[in-house]
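**Q** Okay, here's what each chain looks like letter by letter:
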Amino acid sequence: MSKKRIIVVGNGMVGHNFINTLATSEYASQFEILTFSEEPRLAYDRVQLSKYFSGYTAADLALTTESEYNEKGVIFTLNDKVVGIDTHAKTITTASGRIEGYDKLVLATGSYPFVPPVPGKDQDHCLVYRTIEDLEAISASAAVSKTGVVVGGGLLGLEAANALKAAGLETHVVEFAPRLMAVQLDEGGGKLLRRKIENLGVTVHTEKNTKEIVAGEECRYRMNFADGSFLETDMILFSAGIRPQDELARKFGLELGERGGIVINDFCQTSNDDIYAIGECALWDNKIYGLVAPGYQMAKVAYNHIIGNLITHIPSELAFKGADMSTKLKLLGVDVASIGDAHGRTAGSQSYVFNDDIGEVYKRLIVSADGKKVLGAVLVGEAESYGTLLQLMLNNMDIPGNAASLILPATDGAAAVGLGVSSLPDTAQICSCFDVTKGQIQEAVRNGCHTMGALKEATQASTGCGGCAALVKQVMDAELESMGVEVNTDICEHFAYTRAQLADIVRVQGYSSFEQVLEGHGKGEYGCEICKPALGSILASFNNEYVLKDGLIGLQDTNDIFLGNMQKDGTYSIVPRIAGGEITPEKLIVLGEIARDYDLYTKITGGQRIDLFGAQLHQLPEIWKKLVDAGFETGHAYGKSLRTVKSCVGSTWCRYGVLDSVSMAIALENRYKGLRSPHKIKFAVSGCTRECAEAQSKDIGVIATEKGWNLYVCGNGGMRPRHADLFATELDDDTLIKYIDRVLMFYVRTADRLQRTSVWMENMEGGLDYLKNVVINDSLNICEELENAMTKVVGTYQCEWKTTIENPEKLKRFSQFINSDKADDNLAYVRERGQRRPATELERIELVDLNSK
Amino acid sequence: MSNWVSVCELKDITPGTGVCALHNGEQVAIFRVSANEQLYAVSNYDPFSKANVMSRGITGALGGRVMVAAPMYKQHFDLATGECLEDAEVSLKVYPVRVNAGQVELG
Ligand SMILES: Cc1cc2nc3c(=O)[nH]c(=O)nc-3n(C[C@H](O)[C@H](O)[C@H](O)COP(=O)(O)OP(=O)(O)OC[C@H]3O[C@@H](n4cnc5c(N)ncnc54)[C@H](O)[C@@H]3O)c2cc1C
Chain A
1 MSKKRIIVVG NGMVGHNFIN TLATSEYASQ FEILTFSEEP RLAYDRVQLS KYFSGYTAAD
61 LALTTESEYN EKGVIFTLND KVVGIDTHAK TITTASGRIE GYDKLVLATG SYPFVPPVPG
121 KDQDHCLVYR TIEDLEAISA SAAVSKTGVV VGGGLLGLEA ANALKAAGLE THVVEFAPRL
181 MAVQLDEGGG KLLRRKIENL GVTVHTEKNT KEIVAGEECR YRMNFADGSF LETDMILFSA
241 GIRPQDELAR KFGLELGERG GIVINDFCQT SNDDIYAIGE CALWDNKIYG LVAPGYQMAK
301 VAYNHIIGNL ITHIPSELAF KGADMSTKLK LLGVDVASIG DAHGRTAGSQ SYVFNDDIGE
361 VYKRLIVSAD GKKVLGAVLV GEAESYGTLL QLMLNNMDIP GNAASLILPA TDGAAAVGLG
421 VSSLPDTAQI CSCFDVTKGQ IQEAVRNGCH TMGALKEATQ ASTGCGGCAA LVKQVMDAEL
481 ESMGVEVNTD ICEHFAYTRA QLADIVRVQG YSSFEQVLEG HGKGEYGCEI CKPALGSILA
541 SFNNEYVLKD GLIGLQDTND IFLGNMQKDG TYSIVPRIAG GEITPEKLIV LGEIARDYDL
601 YTKITGGQRI DLFGAQLHQL PEIWKKLVDA GFETGHAYGK SLRTVKSCVG STWCRYGVLD
661 SVSMAIALEN RYKGLRSPHK IKFAVSGCTR ECAEAQSKDI GVIATEKGWN LYVCGNGGMR
721 PRHADLFATE LDDDTLIKYI DRVLMFYVRT ADRLQRTSVW MENMEGGLDY LKNVVINDSL
781 NICEELENAM TKVVGTYQCE WKTTIENPEK LKRFSQFINS DKADDNLAYV RERGQRRPAT
841 ELERIELVDL NSK
Chain B
1 MSNWVSVCEL KDITPGTGVC ALHNGEQVAI FRVSANEQLY AVSNYDPFSK ANVMSRGITG
61 ALGGRVMVAA PMYKQHFDLA TGECLEDAEV SLKVYPVRVN AGQVELG
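Chains as they are written, first to last, in the numbering used here: chain A, 1 to 853; chain B, 1 to 107.
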């Protein structure tokens with residue numbers, strides 16, 4: 001049977017989603033998939049487009065790659081617009097003249113920004129906000145502008161305003177309607193949003209109808225409004241709504257809506273049965289859906305219908321039934337949510353309003369005539385109840401208890417009325433971005449996902465906008481409880497506490513020894529290999545004493561106890577600190593001489609330092625004496641502590657560098673060296689956005705920009721690589737260090753044992769936003785304390801090896817035998833590529849044979 | 001077992017740690033789990049990693065049994081009997097050990 005041919009016009013978010021579903025399905029081998037994109041690249045995450053301004057690259061935003069498409073056999077053509085359809089011959093024509101036949105054609109052409117027909121709108125610095133190229137143009141224009149105006153105070157317009165403001169422009173928003181976000185918000189909500197946004201320094205002009213754009217006097221342009229007033233600006237961004245991209249349908253006779261949009265039925269078929277339309281170009285029940293989730297739903301429906309039609313010949317029952325347009329987002333840092341019938345247009349509906357001018361919170365709840373059901377809501381300034389309200393509405397559930405309490409702040413004693421997740425039906429959609437139901441989450445929990453991190457990975461729930469995170473966690477916890485899994489977070493049998501709780505206990509009680517903690521808060525008289533190192537690390541984080549001190553030495557794990565990394569044969573590797581990867585030739589020679597004299601296997605590490613392997617216990621002090629004399633310090637490669645701060649060469653030598661990354665890396669490494677933490681910590685500093693130091697794969701990543709440092713947090717390489725998240729931008733040196741101090745100390749205090757920063761942050765309720773709030777806005781009022789704690793650690797640093805070689809009592813332990821100078825006779829080596837390595841078991845037998853002959 | 005041999009002084013073993021002694025050609029790990037004179041002695045050879053490293057493990061207790069965790073891969077061994085808690089097939093040789101006038105003696 002020959003393959004069926006599917007052509008997808010447009011490779012945007014929805015087109016890609018459709019292709020991905022088809023290409024990874026069990027039927028994939030029966031299809032040939034072609035896609036054409038007018039844009040110069042494959043699909044990217046348009047929803048996150050604004051992140052481009054905060055340092056995300058096109059690669060970060062990409063939803064797929066060319067090699068992934070090649071692997072899946074998807075044939076793609078970029079930069080080639082489809083311009084013709086022959087519905088009889090079933091072919092399409094592209095701008096470059098290609099003609100291709102199809103069995104089914106899928107139009108996923110999205111939409112384009114609407115620019116009001118104002119005279120003067122086509123000038124150089126009049127731009128729109130839809131593609132990566134648009135953003136590049138905006139960046140370029142902003143660089144030569146002082147003032148910027150966004151035309152349109154809707155959701156996208158405010159996002160655009162945020163971008164202009166971040167680019168340092170004096171920013172204005174010009175809106176035709178009497179209030180901001182007129183579609184989603186009521187008057188009260190719009191008013192508060194305006195106040196908040198104006199407080200941030202964005203000027204809002206409502207009820208302004210732009211008549212023309214002419215040359216300005218102070219600025220590049222002047223916008224003249226119908227009411228006679230005017231505004232001067234250097235650039236203009238139009239964000240006045242979107243229009244479905246229905247050009248092809250229009251030209252080739254498919255049915256359109258009165259005001260545009262390609263008409264589709266419940267199976268996403270257009271008026272031609274072999275042509276489907278999905279995403280923002282499609283019109284269902286006379287409605288365009290300008291969000292990505294409904295588009296994904298359409299893609300799923302179309303996929304099922306095509307499979308039923310071409311392959312299984314069983315008609316698909318999955319139909320598109322419209323979609324909920326509720327949204328929750330953060331605009332210029334303000335929480336805004338709109339649910340269902342936000343305007344109370346349902347006949348007989350009634351509403352509750354909560355307005356707090358002081359705390360700047362506005363909430364309106366719209367309920368049915370009988371007061372029993374939630375119909376809609378508007379939340380501005382605080383939107384925590386979004387998940388609960390949305391579920392009540394979507395599932396048409398009775399309001400539990402007093403409706404007003406759904407929007408009233410929780411008062412002491414009275415817990416906020418939450419929604420018992422147990423009352424939700426299994427079919428309730430919890431994550432709308434990825435269409436994950438309560439039932440699917442429960443199943444994943446039953447299959448072993450017992451943490452938010454695992455659950456996200458398995459189901460994708462809460463990995464889109466993140467608005468459902470709290471609810472997902474509730475479903476998880478409830479399921480765990482019903483499974484009878486007592487979620488035991490005790491660190492071990494000796495302490496009924498988590499690491500974070502132990503850290504609190506140590507801090508509050510001011511303990512300085514394991515025995516004190518065990519006696520006051522633990523069980524038994526010995527502890528074990530779990531709680532001892534954990535408390536060793538906690539005590540070190542707070543008190544920063546010499547780790548081999550009596551009383552502390554027994555808490556040190558395998559590597560720490562001899563200040564080296566134990567290798568498979570019981571010998572150690574030695575890693576001196578080479579801060580920032582910078583080393584003088586003299587020091588390099590010392591390392592070479594030591595390695596040669598002791599026949600140490602030598603290898604360059606990933607963290608820009610040098611690892612010397614195969615030192616026996618008794619050799620460690622001698623070697624370290626030489627290293628310390630030559631000016632080296634311990635590298636803490638053995639500790640759960642700061643490892644390295646990798647850097648590129650930066651502006652001192654590199655012709656692209658914008659800041660001195662090496663100096664910053666050295667300063668950071670010297671500041672945090674020796675800090676004991678729940679797991680190892682790695683940093684990197686890049687001198688420009690080319691990012692040669694790979695900072696975005698580190699716990700703490702710093703990237704230089706023309707305007708200062710961008711800070712990334714919570715990335716890692718290793719087993720489960722994770723890109724770091726952009727945390728703050730354009731920082732000066734002091735603020736950078738202040739934020740890092742806070743993030744690290746907060747991590748040290750609150751993470752679990754052996755939890756990397758990535759998992760720590762992913763499991764934190766509220767995630768990145770919460771962490772930002774704690775660190776940048778000091779929401780817990782602990783920043784001063786965190787900084788003081790860090791200052792103490794920095795001030796009490798000592799090189800553990802220097803202390804050790806100066807202490808003859810401590811050196812006694814550094815030998816294989818307490819009663820003999822002999823070496824361990826069990827060591828055996830072979831030479832490979834000019835260096836030695838431990839013999840394998842087989843080689844050992846041969847070596848012994850040789851020796852005995 | 002009359003042949004007690006002194007290998008070091010008690011104060012050479014910091015409470016909470018172990019040392020290794022060469023005893024009749026065998027490597028013996030001696031542990032002092034707390035500040036008192038109670039000592040334990042087992043073979044220094046880790047049967048899992050096949051390296052002579054047991055004396056460098058962390059000591060403690062699990063379910064009331066005083067144990068050492070192998071420093072390489074963290075299997076637990078009962079210090080009194082030498083049994084491996086994870087694998088009944090494996091055990092460490094146990095040696096008689098005592099403190100006599102401040103001296104640590106192996107038998
Ligand atoms: C700044 C911004 C923020 C947003 N934020 C959110 C949000 O928070 N939540 C949310 O749900 N949605 C958001 N959206 C909307 C979301 O991005 C869209 O709903 C989604 O991208 C629609 O996907 P699509 O595939 O239908 O269209 P698109 O992603 O626009 O893709 C259509 C593609 O088809 C191409 N094309 C068009 N015609 C042709 C042709 N004839 N031949 C070849 N190629 C063609 C286009 O160039 C384009 O690449 C946002 C949009 C923007 C711009």
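It should be emphasised that the hints constitute simulated quantities derived from the structure, not laboratory data.
Be careful, since some hints might not be right.
[Said to hold, decoys possible] No farther apart than 30 Å at their CA atoms in a straight line, the calculated lysine-lysine pairs in the DSS-like style are these: (1) B:K11 - A:K549; (2) A:K51 - B:K93; (3) B:K93 - A:K626; (4) A:K738 - A:K196; (5) A:K810 - B:K11; (6) B:K50 - A:K523; (7) A:K625 - B:K11; (8) A:K549 - A:K568; (9) A:K802 - B:K11; (10) B:K11 - A:K822; (11) B:K93 - A:K822; (12) A:K81 - A:K51; (13) B:K74 - A:K568.
**Q** Evaluate each hint against the coordinates.
**A** Hint-by-hint comparison with the structure:
1. For the hint pairing B:K11 with A:K549, the CA-to-CA distance comes to about 14 Å; that is within 30 Å, so the pair holds.
2. Note on A:K51 and B:K93: the hinted pairing is violated, with a Cα-Cα distance of about 62 Å set against a maximum of 30 Å.
3. Using a Cα cut-off of 30 Å, the hinted pair B:K93 and A:K626 is violated, with the two alpha carbons roughly 39 Å apart.
4. For the given pair, A:K738 sits about 27 Å from A:K196 by alpha-carbon distance, which is consistent with the 30 Å threshold.
5. Distance restraint check for A:K810 and B:K11: the Cα-Cα separation of roughly 12 Å lies within the 30 Å cut-off, and the hinted pair is therefore satisfied.
6. With a C-alpha separation of about 33 Å, the suggested pair B:K50 and A:K523 falls outside the 30 Å cut-off, and the hint is violated.
7. A C-alpha spacing of about 25 Å is found between A:K625 and B:K11, which places the hinted pair at or below 30 Å, so the restraint holds.
8. Between A:K549 and A:K568, the direct Cα distance comes to roughly 27 Å. Compliance with the 30 Å bound is thereby established for this hinted pair.
9. The suggested pairing of A:K802 with B:K11 holds, with an alpha-carbon distance near 24 Å, which does not exceed 30 Å.
10. Between the alpha carbons of B:K11 and A:K822 the distance comes to roughly 22 Å, so the proposed pair stays at or under 30 Å and holds.
11. Pair hint B:K93 plus A:K822 holds up; C-alpha atoms about 22 Å apart against a cutoff of 30 Å.
12. A C-alpha spacing of about 27 Å is found between A:K81 and A:K51, which places the hinted pair at or below 30 Å, so the restraint holds.
13. At most 30 Å may separate the alpha-carbon atoms for a hinted pair to count; B:K74 and A:K568 meet this at roughly 13 Å.
Checked against the numbered hints given earlier, this structure breaks hints 2, 3 and 6; the rest are met.
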